[in-house]
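Trainee: Chain by chain, the residues run as shown.
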Amino acid sequence: MIPPYSPQPGPDSPIAAATQRVKLSHDGEVYDLLGIYFVNMLLTIVTLGIYRFWAKTRIRRYLWSHTEFLEDRFEYTGTGKELLIGFLIVLAILAVTVGAYTLIFTSIWPGWASDIELGILYQLPLFIASFPLVAIARFRARRYRLSRTLWRGIRGSQSGSSSHYGVLSAGCWLLTFFTLGFYWPYMQTRLVSYRLNHTWFGDRAVTFDGNGDDLIGYYAVCWLLTLPTLGMCWFWYRARSLQYYASRTAYATLGFKVTITGGTLINLISTNLILIWFSFGLAYPFVLRRNASYLCTYLSLVGDQDFALIVQSLKLRPTTGEGMAEAFDIGDF
Amino acid sequence: MTGGFEAHYSDGLTAARVKVSVCFGNGALIIEPDEGEDESRIMVWEFLDLRLADELRSGQAVRLINIAQSDARLSFIDGRILDPLLEKAPQLRDPGVLGRRPGLRLAQWVGGIAAVIAILFVGLPRVAEPVAALMPLAWEEAIGEQVFSGFQGSNKFCEASAGVDALGRLSDRLLTGFDNRYNFRFAVVDAKAINAFAAPGGYIVIYRGLIDDARSSDDVAGVLAHEIGHVIERHATEGIVRATGLALIVQLLLGDPSGILGMSAASGELLLSLAYSRGDEAEADAIAVEMLAAAGIDSGGFVKFLQRTARREEAASTTSDEIISDAKLNELELSIPFLSTHPRSAERAATVQATGSPGDPAMSDADWLELQSICG
Numbered sequence: 001m002i003p004p005y006s007p008q009p010g011p012d013s014p015i016a017a018a019t020q021r022v023k024l025s026h027d028g029e030v031y032d033l034l035g036i037y038f039v040n041m042l043l044t045i046v047t048l049g050i051y052r053f054w055a056k057t058r059i060r061r062y063l064w065s066h067t068e069f070l071e072d073r074f075e076y077t078g079t080g081k082e083l084l085i086g087f088l089i090v091l092a093i094l095a096v097t098v099g100a101y102t103l104i105f106t107s108i109w110p111g112w113a114s115d116i117e118l119g120i121l122y123q124l125p126l127f128i129a130s131f132p133l134v135a136i137a138r139f140r141a142r143r144y145r146l147s148r149t150l151w152r153g154i155r156g157s158q159s160g161s162s163s164h165y166g167v168l169s170a171g172c173w174l175l176t177f178f179t180l181g182f183y184w185p186y187m188q189t190r191l192v193s194y195r196l197n198h199t200w201f202g203d204r205a206v207t208f209d210g211n212g213d214d215l216i217g218y219y220a221v222c223w224l225l226t227l228p229t230l231g232m233c234w235f236w237y238r239a240r241s242l243q244y245y246a247s248r249t250a251y252a253t254l255g256f257k258v259t260i261t262g263g264t265l266i267n268l269i270s271t272n273l274i275l276i277w278f279s280f281g282l283a284y285p286f287v288l289r290r291n292a293s294y295l296c297t298y299l300s301l302v303g304d305q306d307f308a309l310i311v312q313s314l315k316l317r318p319t320t321g322e323g324m325a326e327a328f329d330i331g332d333f
Numbered sequence: 001m002t003g004g005f006e007a008h009y010s011d012g013l014t015a016a017r018v019k020v021s022v023c024f025g026n027g028a029l030i031i032e033p034d035e036g037e038d039e040s041r042i043m044v045w046e047f048l049d050l051r052l053a054d055e056l057r058s059g060q061a062v063r064l065i066n067i068a069q070s071d072a073r074l075s076f077i078d079g080r081i082l083d084p085l086l087e088k089a090p091q092l093r094d095p096g097v098l099g100r101r102p103g104l105r106l107a108q109w110v111g112g113i114a115a116v117i118a119i120l121f122v123g124l125p126r127v128a129e130p131v132a133a134l135m136p137l138a139w140e141e142a143i144g145e146q147v148f149s150g151f152q153g154s155n156k157f158c159e160a161s162a163g164v165d166a167l168g169r170l171s172d173r174l175l176t177g178f179d180n181r182y183n184f185r186f187a188v189v190d191a192k193a194i195n196a197f198a199a200p201g202g203y204i205v206i207y208r209g210l211i212d213d214a215r216s217s218d219d220v221a222g223v224l225a226h227e228i229g230h231v232i233e234r235h236a237t238e239g240i241v242r243a244t245g246l247a248l249i250v251q252l253l254l255g256d257p258s259g260i261l262g263m264s265a266a267s268g269e270l271l272l273s274l275a276y277s278r279g280d281e282a283e284a285d286a287i288a289v290e291m292l293a294a295a296g297i298d299s300g301g302f303v304k305f306l307q308r309t310a311r312r313e314e315a316a317s318t319t320s321d322e323i324i325s326d327a328k329l330n331e332l333e334l335s336i337p338f339l340s341t342h343p344r345s346a347e348r349a350a351t352v353q354a355t356g357s358p359g360d361p362a363m364s365d366a367d368w369l370e371l372q373s374i375c376g
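In the order they appear, the protein sequences are chains A and B.
The opening position of the first sequence corresponds to residue 1 in this note's numbering, with each subsequent residue numbered one higher.
The opening position of the second sequence corresponds to residue 1 in this note's numbering, with each subsequent residue numbered one higher.
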């Protein structure tokens, strides 16, 4: 037998430089996705729903595997088991806390179930708690997905604290509420900022320095145009804000450029909705494919980067996946 | 080196990649950097350590993982290496990520589903009893209160004060000297069904139909004592624990635990549909017999009530008219709830007859009249 070679960190490789402006590309076949999707549906039904964690994993593996950057495909290394365990943990925590809350509430106000006002009083804390909890769930799901996303064998990761993100999100919602919605662009920007500034690939973090000040003008104009354009201007606002966010984002020596416009966004979203509605959800693989292509068409990275300088991160990774997002049914592909 | 398969190699330590050519060696892939690269770094990946990074699809470029060097990737330009590679490293045919055998995976799935079914039908009923036994009184009362008030919301309760007082005297008589931790509350609901049920924590609801159907106050006393028995033995509490566990598992399977929130509110309806087991009914009957004897009430009324119920059951199952000797049995439909939750009444009647004892009427004639007109 030949002894296995143990690799050493090599010198910088001259070939590892990016070109000026690079797009992602996606070469998934919608028929492959349809095949995976229907097998998934069948197995999910047969297993009374438990297979859905593996189903989601298979779809992700396919999508990641068929998305390419600089001739190298992404890779998804998550497993259905991790998703299932994450879900079970959160389910247990939720059942215990909500159960305890219900019992305490019932011992203070017995018979609340038949009283409308007490019923609202019961729901209110749950409703309020759902704002930070949904944000926390999304943040944690993102951490899991990044940690299972590889390119050239190098992992993504997310630092930061999900509870901090939850509090930030809830506080921003409160400000948005009290400013009659005018804090919205600031909220969006602050949340994007927290997410992006805690996003890593290898040992380098993404940086973002956007500010809601730069969007509030568009936002105000969009409010004025809402009636005359029957709300269509909000697609334009969304496109504008995505362009702005990309322009303020950097990774190592790479910048980002998004060329999404309101028109293409209307086209994407309305066609997706029609596909889903008229197929009763069966056309979902087409929507996945369309979204991937859309991203690849309108997102590009600008600049040169010597990828030999980007080193694998040794940060700890979450061992279970997305439990909260699963529990709140907001986990998406 | 020429003649090898073209590929890109990333060592998993940095995001750089080098062009390599790969050929088959003895028990391993030999990976050699191309000219211009650092040519000293020839690598050897053993066939046994190889895994596919992607699901295998025809025409797709092959990308390999080496489990001895888990972050490194070897990405071939195309899929040409696949066929010779599959011969050398047959474990790659397994679509599973880490090369577990498909048979093992299937067995795990089948085992998992069998475990879920076993939990539902074997584990849950066994767990319910100890859980209910551990429940503090305050919890039981909280659940009972919720069931009771939920039921109150959709039904009219009979509250003629003379009738309520008469019912109170009957229940006092039954409970005197019967040590238990519950603070019982009795109510009559204005509904025609011949039915009664007990909610956890001492809430007992009697249907007007049951009082109408009774030939004497002894019948009602027997049913009341029986329901008190269910409370003391915590059968309803066990039922709710079982149903909650079941709902939890169903939510888990369907993936929507937020539905648990709404569950407690629905437990009143649920209690009505709970079927007690044969053992539960026997336990409650035994307590009823004991209670009637202690209070000096004739258990014959309860026996007759059970016999009437048995005839209704038979009539419901055979729908033969001749068996229905009593005019009141025409309203068969109305007695269905009682039938469905209190099965095997003939057997029960025989047991109560054998163990019961004679005694006085349960109520004075005046009280019995008041109870009969409790709904006005």
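Hints are not guaranteed to be accurate.
[Stated by the list, open to error] List time: in silico DSS-like cross-link candidates among lysine-lysine, alpha-carbon distance up to 30 Å: (1) B:K192 <-> A:K23; (2) A:K23 <-> A:K315; (3) B:K192 <-> B:K304; (4) A:K23 <-> A:K81; (5) B:K192 <-> A:K315; (6) A:K315 <-> A:K81.
Read the hints as simulated data drawn from the structure, not as lab findings.
Trainee: Hints first: check each against the structure and report whether it holds.
Mentor: Against the structure, the hints come out as follows:
1. For a cut-off of 30 Å, the pair hint linking B:K192 to A:K23 is broken: about 74 Å separates their Cα positions.
2. Pair hint A:K23 plus A:K315 holds up; C-alpha atoms about 28 Å apart against a cutoff of 30 Å.
3. Restraint check for B:K192 and B:K304: the C-alpha separation of about 20 Å stays at or below 30 Å, so the hint holds.
4. Of the pairs offered as hints, the one joining A:K23 and A:K81 is violated, with about 33 Å between alpha carbons and a cut-off of 30 Å exceeded.
5. Between the alpha carbons of B:K192 and A:K315 the distance comes to roughly 69 Å, so the proposed pair goes past 30 Å and is violated.
6. For the given pair, A:K315 sits about 22 Å from A:K81 by alpha-carbon distance, which is consistent with the 30 Å threshold.
Hint compliance for this structure: hints 1, 4 and 5 are broken, all remaining hints hold.
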